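Peer 1: Starting from the structure of chain P, add chain Z where the hints point.
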Amino acid sequence: MNKLMIWYGELLTQKNLIKRGALFLTPGMLWLMIFLILPGLILVLVSFAGRGSYGELVWEFSLENYSRLMGFGVFGWTPDYIVILLRSAWVAIVTTGISVLLSYPLCFFIAGKPKRTRFLWLTLVIIPFWTNMVIRTYSWFLILAPELPLAKLAAWLKIISPGMALYPSAFAVYLGMVSMFLPFVALPLFSSVERLDWTLVEAAQDLYASNFRIFMHAILPQTLPGLSVGVILTFVPAMGMFVVPDLLGGAKYMLVGNLIQQQFGASRDWAFGAAISMGLMILTLFSLYLYRKKINNTELI
Amino acid sequence: MTTQGMGLHLQGIHKTYGKTAAVNNISIEIRSGEFFTLLGPSGCGKTTLLRMIAGMELQDSGRIILDGRDITRLPAIKRQINTVFQSYALFPHLNIFENIAFGLRSRKLPENEINQRVAQSMDMLELGNMKNRFPHQLSGGQNQRVALARALINEPKVLLLDEPMSALDAKLRAQVQVELRRLQQKLHQTFILVTHDQDEALVVSDRVAVMREGQIIQFGTPEQVYDAPKNKFVAEFLGAANLIPGRFENGLFHTDIGSFVLSKPPAWNQGLVAIRPEWITVSETQPAQNGIRAKVSEIIYRGTSRDLWFEPGRIRVRSSTYKHFSIGDEAWLEFAPSELVVLDE
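Just so you know, the protein sequences line up as chains P and Z, in that order.
According to our numbering, the first sequence is numbered sequentially starting from 1.
According to our numbering, the second sequence is numbered sequentially starting from 1001.
Excised from the complex, chain P in its bound form (with noise of 0.2 Å):
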């Protein structure tokens, strides 16, 4: 054990090694113990709880808040929350999607500016990010008023009635999601694109390679690092997003994120909240799951 070493360039034992390492790494360690795995704990605990005549926790244990989250009401089977739950990973893969086809001309277009004035762009995307969410989501409710333009114009094109603003609707929801998220995809996917090797889509171009097969075999394997941490860092906040849903959708467009804050708010059912957050969570995880393979694959093919 006290083996001598050298370890980066440091004459050590191995026994101090360990030592420090322990040391360094503690800290950290307890802080995700305290905030992070317990109150994790906590919730799945609590799921498995009941909900008292006043909104108070019940500390009885059952499976009653899954089977409700299944659909298994007292009125018999309903697909309501199923359909919320759907319906989010839905709108977190569409919202997704749709920022990751306008990240890449963006990108390539950033990329393609001389290096004097790339981070003037750079800056422009990120700007966003030094403004308040919520104020920027309020900021839509402007942009889509009925007096406005853009509502005007959907009134003459039919798509909505005269005098109506264009929220609350799934097009104001998918409005504000990309524009909160699209930041999140194209950062990351720019640094890839940047170091972009050029003359793999010469040497596909000189191998009469199509567009789409270009994109396939000489963009995409050398951006996808960049384009998977986009991708997740968008699609799990996306998935339990509740502020522009809940702005930008209303009633009328209700997602996971917005149904377990009305169990934590208003309803005052902790345990069903719980339990729909357990929901969500292992649908994250499960989507994850899914993509990684989908990505490992690509990467053979």
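Note that these hints are calculated values from the structure, not bench results.
All figures in this text were calculated on a predicted structure; none of them were measured in a lab.
Please note that the accuracy of each hint is not assured.
What the hints assert, rightly or not - Chain Z side only, calculated, beta carbon under 10 Å to chain P, not exhaustive:
hint, residue
1, Ala1054
2, Ala1076
3, Arg1107
Glycine included, each C-beta is placed from N, C-alpha and C at the ideal position.
Peer 2: Relative to chain P, chain Z alone:
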């Protein structure tokens, strides 16, 4: 086999970046089936010229004609020209089979034809059973052969090679040069090589164009270019050369180290004459003409030969014999008139 109009014709190709002309009004006719080399130092425009032939860059003016057909405005995808890139640019996520098959798959050829042709080409380039391996698992030399196979499988009318050997070590490079030459002779395809390595150019080429600052300085077979360099740049860039300055008067070339007879009178009164180190004869007795007496000042042992440096004039002589010389020895040097090359500038 060369017929009229066949081959690759470059007519007045011109390209400027900012204010400097990267390629300055170049016209060449490259015959079909020829191994042609663009040789020059870095920044001479050779790679730019190659990229314009490939269709990866557009010239400001000039035309490119391939087998009688004007391809000036065709994109890379539509030119029957393929490239071996300097970095090989193999697709890292595709295995060797898929890398080689890439061009055929792009053209949507039937599966059995692809299998057959890839197998054939892997055979030809001695890639054995590597089809399931990935580029990062292969050596530099193997990857280079994959890059070659990937380009050749498309049966291009012209194969472009952009410094394909710069990533190989010296010994492998010498071997690959010979293999490349043999392959080209077997296939009778047009190869255009870009390199800054003069040995490589001399070994592989049918014809060489020496480039400098966007222009072709000299153009001809390796022998022509090496034996009769046109000016100081070519003489110094290809191999070693003794450059002797002097005046031409009364049919004789007068220099600091003596007066010499030339095989043909130069066009100037004052200028340079070159002689290759290996063409100078060293002897104990005075030659009939063009001989000077000189003293050995430095000896460099090179394995297969040795370089002797003589004073006056700091004349370099390369020889595989004369092993008995040591520093300070005196001898007669003979500059035969046929070996003295009159330079343009």
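Peer 1: With reference to the structure, classify each hint as holding or not holding.
Peer 2: Each hint, compared with the structure:
1. The interface hint given for Z:Ala1054 holds, since its Cβ lies 6 Å from the closest Cβ of chain P, which is under the 10 Å cut-off.
2. With a least beta-carbon distance of about 5 Å to chain P, the hint placing Z:Ala1076 at the interface is held under the 10 Å criterion.
3. The interface hint given for Z:Arg1107 is met, as the beta carbon of that residue sits about 6 Å from the closest beta carbon of chain P, less than 10 Å.
When held up to the earlier numbered hints, the structure conflicts with none and fits them all.
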